[in-house]
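**Student:** Here is how the chains run, residue by residue.
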Amino acid sequence: MHQVEATVNGATRRAEVSPETTLLSTLRDSWGLTGSKLGCDVGDCGACTVLVDGLSVNSCLLLAVQVNGREVVTIEGLGGFEYLHRLQTAFERLSSFQCGFCAPGMIISAKALLDENPAPTEPEIREALAGNLCRCTGYTKVIDAITEICRDRAVAVEAPA
Amino acid sequence: MVRSFEYVVPGSLDEALETMKEHAPHLKPLAGGTDLLVELKNNLNGPQVVMDLSGLPELRGVEETSAGLRIGAMVTHTEIEKDPLIAEHVPAMMAAAATIGGVQTRNMGTIGGNLVTAVPSLDSGPVLLALDAQVTVAAAGGKRQLPLTEFFVGPRQTALAPDELLVDILIPTVMLGRRASFRKFGLRKGQALALVNAAASVAVEGGRIAEARIALGAVSPTVIRAMSAERVVTGKQINDADALREAAEVAVTEAQPIDDFRASAAYRRELIAVGTFRVLEEALAQTTAA
Ligand SMILES: Cc1cc2nc3c(=O)[nH]c(=O)nc-3n(C[C@H](O)[C@H](O)[C@H](O)COP(=O)(O)OP(=O)(O)OC[C@H]3O[C@@H](n4cnc5c(N)ncnc54)[C@H](O)[C@@H]3O)c2cc1C
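Quick note, the sequences are listed as chains A and B, same order. Positions -2 to 158 (our numbering) are the ones given, in order, by the first sequence. Positions 164 to 453 (our numbering) are the ones given, in order, by the second sequence.
Since the hints were made in silico from the structure, they are not lab data. The reader is advised that the hints may include incorrect statements.
To be verified - The calculated EDC-like cross-link candidates involving lysine to aspartate or glutamate, where the alpha carbons are at most 16 Å apart (straight line), are:
hint, chain 1, residue 1, chain 2, residue 2
1, B, Lys191, B, Glu226
2, B, Lys352, B, Asp326
3, B, Lys204, A, Glu17
4, B, Lys204, A, Asp38
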């Protein structure tokens, strides 16, 4: 068994894991963070996307031992019952959730994009989400939500404070 | 469910090579894990030891040396997309890296893992082959360098011995700044394996093609050079479209595409011709623009 200690959504978390345990199962089963979903389990669908040291990765393809000492952000780290991240609010407002299974991964990928590029073009948004599949095929509303945020942001940047 | 294994993280190349010597062939190196984790999940007879390469500074970074541009095996596809030296000297590598998987896969996946997995459709293969890339491999006994053409042995087979690590990739100095182009054809735009991918590099002297390299992926057991097609265009005027068309036809005869669930061999042959023509045309357009 290996000891893993990582900063998860700002708090230190520890777990004792066997080496083959994925980060995804540790998040879900050891730490109760079930927002990240187990979809395909082979990196195709993106439902398990989290940020590790700021980069989006598929947590089903990462061993828990690999994040020892690193910083992990999951959908729970963006917002919860008391406070929603503006991406979550936009998804809610535009009905971008259908069954909702892909949404946590979509939102994390969108956050990774906006952290790096606050004003992406629509092709850039689509490219950034290429690794996130929606089995309801509800892509249009997802793109709409992210585009709307960027528009708000562009207005906010232009308007003098 | 994955069979359990011992997990080790060596802190230096020497330590890693000693570990390999001790445990090969029951050890697998772990780079980004985007191929290895999938393999571990599918394979009941997995390795006894998984050795994480993330602690080895010798496998990182991109730098100019007297021999050329050295790219560490652990450099990720995302790093290649953003690296200033690669942008300056071998921008076609960025184009190829940008087509690999989705962002999540590019953030984790490394160029070394891509080459060692050695699937015929690997997207970093064609550009590297068109630029005469060399690879450095190391074992506890020492290092050796070999051309990438000799590294690829068959589908998912390389010249690496079980106790050898891929250390870095070298683009020789003469190839830096050489005009080169990459194209990938898949079933969808994002995150799709190549049905066919192609790269070309050209050197131009006095309005003629002095040297050409054409490389094709997903059409043979390994990524290949289309050398007969290269000979067709060598010596031709850079605006000789007939020569490019002829090279495209010849390239088709140099490949052995197969029928599979993604595409028919006949469709792949069409793509080889189109791809060969376009990469040559695009590489030549860069030459005249400069
Ligand atoms: C969803 C998805 C989409 C993908 N799309 C593409 C695509 O479009 N194009 C493409 O080409 N590939 C694609 N891949 C495959 C894969 O992502 C790439 O091949 C990637 O570059 C592998 O690198 P890695 O660092 O993750 O390798 P790993 O999985 O860590 O390793 C792969 C193999 O190489 C060995 N290895 C790794 N590094 C070394 C080294 N330095 N020395 C010796 N052995 C080593 C490992 O032991 C293992 O056998 C995709 C994968 C996924 C999951």
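**Student:** A separate judgement is required for each hint: does it hold in the structure or not?
**Tutor:** For each hint, the structure was consulted:
1. B:Lys191 to B:Glu226: violated, 27 Å
2. B:Lys352 to B:Asp326: Violated: Lys352 (chain B) and Asp326 (chain B) sit about 38 Å apart, past 16 Å.
3. B:Lys204 to A:Glu17: Roughly 9 Å between the alpha carbons, so the hint for Lys204 (chain B) and Glu17 (chain A) holds.
4. B:Lys204 to A:Asp38: With Cα atoms ~9 Å apart, Lys204 (chain B) and Asp38 (chain A) stay inside 16 Å; holds.
Hint compliance for this structure: hints 1, 2 are not met, and every other hint is.
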